[in-house]
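> The lines below spell out each chain.
2 protein chains.
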Amino acid sequence: MTYFSPMGLEDFLNMHKEAIDAALKDFLSEKLTQGSEISPVIRDLLKNLEEYNLRGGKRMRPVLVLAGYMAAGNEINDDIIRASIAPELMHNYFLAHDDIMDRGEMRRGKPSLHKIYEKLAQKNRWSDTEHFGESFGIMGGDFLWSWGVEAILGAGFSEERTIAAVQKYAELNEMTGQGQALDVWTSKLAISKVKEKDLLKIHKYKTAHYTVEGPLHLGAILGGATPQDLAVLTAYALPLGLAFQLQDDLLGVFGESDKTGKSNLDDLREGKRTLLVIEAYKRAKPAGRKYLDKYVGNPHLTQSQADRIRSIIEETGSRAYSEKKRDELAQQAIVTVDNSHFGADVKGILIETAKYLTKRNK
Amino acid sequence: MTYFSPMGLEDFLNMHKEAIDAALKDFLSEKLTQGSEISPVIRDLLKNLEEYNLRGGKRMRPVLVLAGYMAAGNEINDDIIRASIAPELMHNYFLAHDDIMDRGEMRRGKPSLHKIYEKLAQKNRWSDTEHFGESFGIMGGDFLWSWGVEAILGAGFSEERTIAAVQKYAELNEMTGQGQALDVWTSKLAISKVKEKDLLKIHKYKTAHYTVEGPLHLGAILGGATPQDLAVLTAYALPLGLAFQLQDDLLGVFGESDKTGKSNLDDLREGKRTLLVIEAYKRAKPAGRKYLDKYVGNPHLTQSQADRIRSIIEETGSRAYSEKKRDELAQQAIVTVDNSHFGADVKGILIETAKYLTKRNK
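Chains X and U, in that order, are what the protein sequence lines are. 1 is the number of the first residue of the first sequence in this note's numbering; add one for each residue after it. 1 is the number of the first residue of the second sequence in this note's numbering; add one for each residue after it.
Excised from the complex, chain X in its bound form (with noise of 0.2 angstroms):
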């Protein structure tokens, strides 16, 4: 096998990125167009999901279902362009109802679903606008999924493929809300009680699978993959998904908001039971773990006590010990790859792809 110029993660964005968004603006204005005409709050509903879905997002879905089809063997083509939105429809079914769940407030830098809702209610002077706003953050998600379906559904692939696409699709769907519900129920507990192979099943039924692992297999399955690709990008994925999520929880607690989008209280204030805080709690002295047992949680607590929390997390050692986890994953996902018998190509964007999401600051 020849090395030479293998393409790079930057290029391939930039080859694809347009004509990614291009089929999601145009997947969501036929959607608008369609359901005007019910009526103008399904209209203004739609406007809502419109925006919601375009505002930003880094498309990485949709580039590893690329990813996957090239993997399988095949070019990339405007079929493969109109089902890489699937995922990313998926993803943002998956924010609207987990940003009701964790009460995040903000979502890229803009308000989330339910929260538009609620700020319409209250401008409409209407009683009870929590509740208002979160029935349509569930609702607005639950439009989602079925439109990732018809991503797939109408992408002008073979009927096999197509089922095989579908199929996969409802399956991430029950292994990321296997891995929410084990999430919601963690955060219940004592800091003390959650141990850190519990922490990485609840990241890998939750992130990895949809977010790495599934854009991978959705593109491979509809690209004709064999049962070997399938395995390598499995192994792939799955530790890159842990390493995504790593990066992610530090970016919760050390990130900046006007780059993430969303403020660096919120997983703090929900109590979230990341292993930045489990590591920490392990290792601090007693008052430090008194500190965490009483803030990590706290629905009101301040950019000041939050401080208090990252120091610890430094001191002890534990923010070291989640980013040196992450870069071995990152590395394992990296080695899998490189020895794989996948192309130049590909090797090159899936390589780039883990440095990538590993090193993100947003």
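Treat the hints with care, as some may be off.
To be verified - Going by beta-carbon spacing under 7 angstroms, a handful of chain U positions derived as facing chain X:
id	residue
1	Asp21
2	Gly156
3	Glu159
4	Gln167
5	Glu174
FYI, nobody ran anything at the bench for these hints, they're computed from the structure. We treat Cβ as the ideally placed atom computed from N, Cα and C, and that holds for glycine.
Since the structure of chain X is already known, use the hints to place chain U on it.
Using the frame of chain X, we list chain U on its own:
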């Protein structure tokens, strides 16, 4: 066409309900087996979902799938029984989410899904129990939509028909979401602002499509229906779906809780805009209007205040108006089928179904 001995609904139900229940049980029990390995939290969630899906329920949607399949010229077999549970799972997904939005505490005589988890959190002495319950209600519902997709994918039909059925399933989700959004929005408007045609639009989108037309079409599509078959089923299903909803609204206010499985205060407390309420308002004297404005939508409404509202609905003739409209719509459905090209058995089932759905007391 000979009209001897058309099969009645009761015979049809007796013949197939057991098989439908067995298919649903098998499906849920396989999910429980698969998911239990992940963690006790997931095992318990899947057990709760199993109980939630199996408790009572009329299995009306699966029966309509079978009727649609017969209408397309087929005899009932195991494949269509397996597929028939898809709209039942979809229905329970909608119920789980709707019960959060409508603050429904009971469902089929037992706590609604989010209430199960709220109670569990209370038992564990956790904080923020209502929010925790709602989170599990959202997630629980999210599982069920993809199980419906998998029920179709795994039923054993040709690839072409399977894809068409999944497409229909996705469309049903979208239309129902549109109806639900209109419903939630409309519950915030003054009673005097809501017109009959707005309500009928909500009923069409929120109820008629996924409750009657959708299951019939799913069965018909999987059975290789002609466009003519589908057109007759639509012409039957949409008026019947409206009649079904009018009966649902009648039961919501005048029903007996021990039969319906939910409180007959819920709709009034939630301020649901029903034909009963808006027509009573239109016909009421100023004192009656004032009472409706004040108490419909009051979350603390007492049974005696509800009785006063019931009297207004009764005395203005609004109850009789809803009943008359319900009967006319059901009759329209019956005439459509009676004049159709369907065989005697199919006619018998569809006509009995129309009668049953609009006269039911639960």
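> Hint numbers the structure violates, sorted upward?
1, 2
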